[in-house]
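Participant: Throw the hints in and build the complete structure from the sequences for me.
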Amino acid sequence: MTPGFRWLAGAAALLSASIAASALPPSGVNHAVILGEEGSPRFPRQLSDYGFFRDARGREPAANLIPYELNTALFSDGADKLRYIVLPDGASMRGGSEGGLLDLPVGSAIIKTFAFGEGEDQRYIETRVLLHRADGWLALPYMWNEEQTEARLALVGARMELTRPDGRTISYQIPNKNQCKNCHQLNDAVTPIGPKARNLSRDWLDAQAASGRLEAVPAVHDTVPHWEARADSADLDALARGYLDVNCAHCHQPGGSASNSGLDLRWEQGDPHAIGIGKPPVAAGRGAGGHKVSIAPGDPDASILVYRMSSAEPGVAMPELGRSTNDDEGVAVIRDWVENMEPAS
Amino acid sequence: MIRTVFAAALLATSAIAAAPVLADNHTIAPGEGAAQRLQEALILAEPGDTITLEAGRYALTDGLSLDVEGVTIRGAGMEGEGASVLDFTNQQGAGEGLLVTSDNVTLRDFAVENAKGDGIKSKGADNIIYHGLRVEWTAGPKATNGAYGIYPVESSNVLVQDSYVRGASDAGIYVGQSENIIVRRNRVVENVAGIEIENSNHAEVTENLATRNTGGILVFDLPGLPRVGGGDVLVARNAVIDNNTDNFAPEGNIVASVPAGTGVMVMANTNVQIFDNALINNDTSHVMLIAYTQEYSDDRYQPRAVDVAIGGNVYSSGGTKPDFPGGDTLAAAVGGKLPPILVDGLQQGLTVTDEVPVLSLGLTRVGQQLAEASPQPWSQADEVSSRQLAAVSLPEDMEARLQ
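Line order of the protein sequences matches chains A and B. Numbering (the numbering used here) for the first sequence: 69 to 413. Numbering (the numbering used here) for the second sequence: 54 to 456.
Since the hints were made in silico from the structure, they are not lab data. Keep in mind that this is a model prediction, so the values were computed, not measured. C-beta atoms are modelled at their ideal positions from N, C-alpha and C, and glycine is treated no differently. Hints may be right or wrong, so weigh each one.
Straight line, CA to CA, 30 Å or less: simulated DSS-like cross-link-like pairs of lysine-lysine [claimed, not checked]: (1) 149/A to 195/B; (2) 390/B to 374/B; (3) 195/B to 374/B; (4) 374/B to 360/A; (5) 149/A to 180/A; (6) 390/B to 195/B.
Partial list, derived from the structure: chain A residues whose beta carbon lies under 10 Å from chain B [as the list claims (entries may be wrong)]: (7) 201; (8) 325; (9) 392.
Now the stretches of chain A that chain B is said to cover, found in silico as 3 or more residues with beta-carbon under 8 Å [as the list claims (entries may be wrong)]: (10) 219 to 227; (11) 244 to 251.
Facilitator: In structure tokens:
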């Protein structure tokens with residue numbers, strides 16, 4: 069076989085399948101494409117192939133898309149996120165797996181669009197999809213065109229200059245397929261991160277249970293504080309731990325991409341050393357910034373965690389992927405949290 | 054018509070699927086769009102494929118990553134005119150130059166320059182081969198350089214050979230939380246640590262040249278990590294020369310505490326053999342055995358250097374400028390220079406068959422301050438170990454991959 073032939077054939081299959089997909093009735097989600105079933109491409113070329121949205125602009129979700137929001141969300145350079153879950157017809161989600169992550173059956177998909185701006189000025193940048201196929205979850209990124217008329221597969225990701233509504237021009241990165249997995253992996257398998265019962269509102273969970281799309285509301289739910297309402301929150305510890313869980317723990321946990329650091333920032337981790345208190349760095353290199361421990365109680369300026377959150381420089385910045393600017397509000401909360409910790413005697 | 058095209062394409066795909074798996078070669082040339090083409094090839098590769106990097110310089114602004122099993126990335130060479138160079142000087146994102154997360158990968162005959170974080174990292178990537186690579190921070194030792202050059206972690210069966218690493222602000226070649234490891238015939242120059250084996254077991258570090266680092270070869274174990282209890286390490290037939298570069302590691306990292314002038318240092322490991330090395334002109338001490346000095350709370354952790362055997366080494370000058378507090382005074386007290394072997398007194402089961410003096414700092418408890426040292430000559434009569442070390446053998450197919 070000549071080197072390019074297999075890819076060429078693959079491309080032909082992709083092309084023909086997308087023709088086939090576009091020949092389907094325009095309404096409704098195409099579950100065969102989600103599943104990558106025979107005749108469907110492994111990596112669908114366009115977001116519209118899935119039928120998640122009724123219009124090419126992706127503004128009108130199909131009837132069976134379930135919108136959801138998280139109490140506390142991952143910071144992504146300030147992008148707004150529009151999140152949806154879609155389930156196979158008649159199927160439902162289950163709660164109860166570790167960390168409260170909702171269990172979505174094979175054939176489900178999670179769709180997240182990253183956008184900047186409000187109303188008429190809103191621009192879609194990318195839509196990331198997580199597809200639950202028979203052989204596991206697959207994460208794929210799609211990039212919207214200038215005209216906002218289609219989003220095409222961006223397997224290798226992209227980097228672009230864009231001007232945020234606040235006027236600041238940033239170098240925004242769409243992650244490539246491997247980078248998607250970097251955050252979404254647990255013990256080498258791709259997994260959803262976001263929809264955990266503890267980080268979903270009671271109202272939403274109730275509504276899903278009432279409509280039969282969730283078997284039962286998990287016992288532990290809605291415990292992570294609502295970030296937007298943090299001014300009213302008296303529980304700084306919960307606010308900070310919720311933020312770290314959502315922004316860091318997908319890698320910093322056993323089985324995650326940063327497992328070798330020994331740092332475990334999951335919400336449920338109760339060991340002070342494991343969450344970084346008095347913990348020396350392992351492989352931080354210059355990311356340590358001359359500091360000796362991840363968290364120095366009472367002293368945010370001596371804490372590697374704060375230092376790395378406060379940097380946008382590659383090799384120092386944490387998270388490593390998904391942001392090119394600092395989350396000033398997140399840093400403020402974490403600083404406050406560390407500042408208010410009792411120094412070790 | 055649409056239906057016909059579709060069916061034809063389907064036939065083509067199923068014919069391909071039914072055919073025996075053939076390893077394909079995908080050749081990437083430098084130039085416009087090379088970064089995208091290369092990353093795309095790394096994503097779309099099938100197990101067994103080879104990605105060939107033509108000679109030249111590849112300008113990269115983001116980290117590369119490989120997550121497909123059994124792929125070979127092969128360049129045209131690591132040095133000189135015909136080299137394939139992945140140049141990360143203008144990197145804007147990611148924590149390393151190249152990240153490998155799949156098993157049975159072979160990396161060979163290319164260079165990685167000026168990565169913003171680590172050079173090449175492989176995590177949970179079993180049976181990996183690093184062969185004939187150059188990882189370099191081209192401005193030489195700087196605290197702003199990336200931490201590790203070649204960085205396999207959490208892996209079984211690791212082979213790193215015939216490679217060159219310069220300028221790493223932590224360790225040139227760092228193998229962490231892994232087992233069954235061979236690091237041989239490499240040159241590590243002007244890093245903080247030349248080679249570091251950390252929280253790992255069954256490792257052979259042989260026939261390397263470690264020169265002008267802060268410390269030549271380190272065998273460490275740290276508490277509080279998923280994998281602790283490092284040991285069964287052979288350090289043999291290495292040339293460990295002139296490792297006197299001022300420590301340029303960012304503070305906080307464990308290697309920042311390594312004195313300039315360290316030849317081979319063993320910390321908190323069990324069953325380590327240091328045989329047949331040439332130890333030349335390392336100004337603090339050629340061989341140091343120490344316990345972990347900081348506080349820890351990890352019941353699994355063994356903080357001392359236990360069952361270390363030292364023999365057959367050749368020692369030349371050194372020990373004249375010990376780079377630790379009180380080092381000068383100590384050297385003056387023992388005749389102007391530290392002896393070739395320095396132990397903290399907390400070691401257990403030490404066997405020295407080299408006919409050189411061994412100085413003990415006479416510490417009596419783990420975590421004790423150096424100020425409380427009571428230096429004294431160590432004598433073999435005090436302790437003997439009879440531990441044996443089995444040779445490390447890698448799966449046969451790993452060596453075969455290099456044929």
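Participant: Run the distance test for residue 149/A versus residue 180/A: straight-line Cα separation, threshold 30 Å.
Facilitator: holds (6 Å)
Participant: At a threshold of 10 Å, is the proposed contact between residue 392/A and chain B supported by beta-carbon distances?
Facilitator: Interface hint status for residue 392/A: holds (7 Å vs cutoff 10 Å).
Participant: Please check whether the stretch 219 to 227 of chain A has three or more residues whose CB lies within less than 8 Å of a CB on chain B.
Facilitator: Three-residue rule met by the stretch 219 to 227 of chain A, so holds; n is 4.
Participant: Going straight from one Cα to the other, do residue 374/B and residue 360/A come out at no more than 30 Å?
Facilitator: holds (27 Å)
Participant: Close enough to count: is the Cβ of residue 201/A nearer than 10 Å to one in chain B?
Facilitator: Cβ of residue 201/A sits 16 Å from chain B, so the hint is violated.
Participant: Are the Cα positions of residue 390/B and residue 374/B separated by 30 Å at most?
Facilitator: Satisfied, since the Cα-Cα distance of roughly 7 Å is no more than 30 Å.
Participant: Assess, step by step, whether the Cα of residue 195/B is no farther than 30 Å from the Cα of residue 374/B, and give holds or violated.
Facilitator: Distance of about 22 Å is within 30 Å: holds.
Participant: With the threshold set at 30 Å, check whether the alpha-carbon distance from residue 390/B to residue 195/B stays at or below it.
Facilitator: holds (29 Å)
Participant: Please work out if residue 149/A and residue 195/B have their alpha carbons no farther apart than 30 Å.
Facilitator: violated (40 Å)
Participant: Residue count check for the stretch 244 to 251 of chain A against chain B: does it reach three with CB-CB under 8 Å?
Facilitator: holds (count 6)
Participant: Against chain B, is residue 325/A within 10 Å by beta-carbon distance?
Facilitator: holds (7 Å)
In this structure, the earlier hints numbered 1 and 7 are contradicted, and the remaining ones agree with it.
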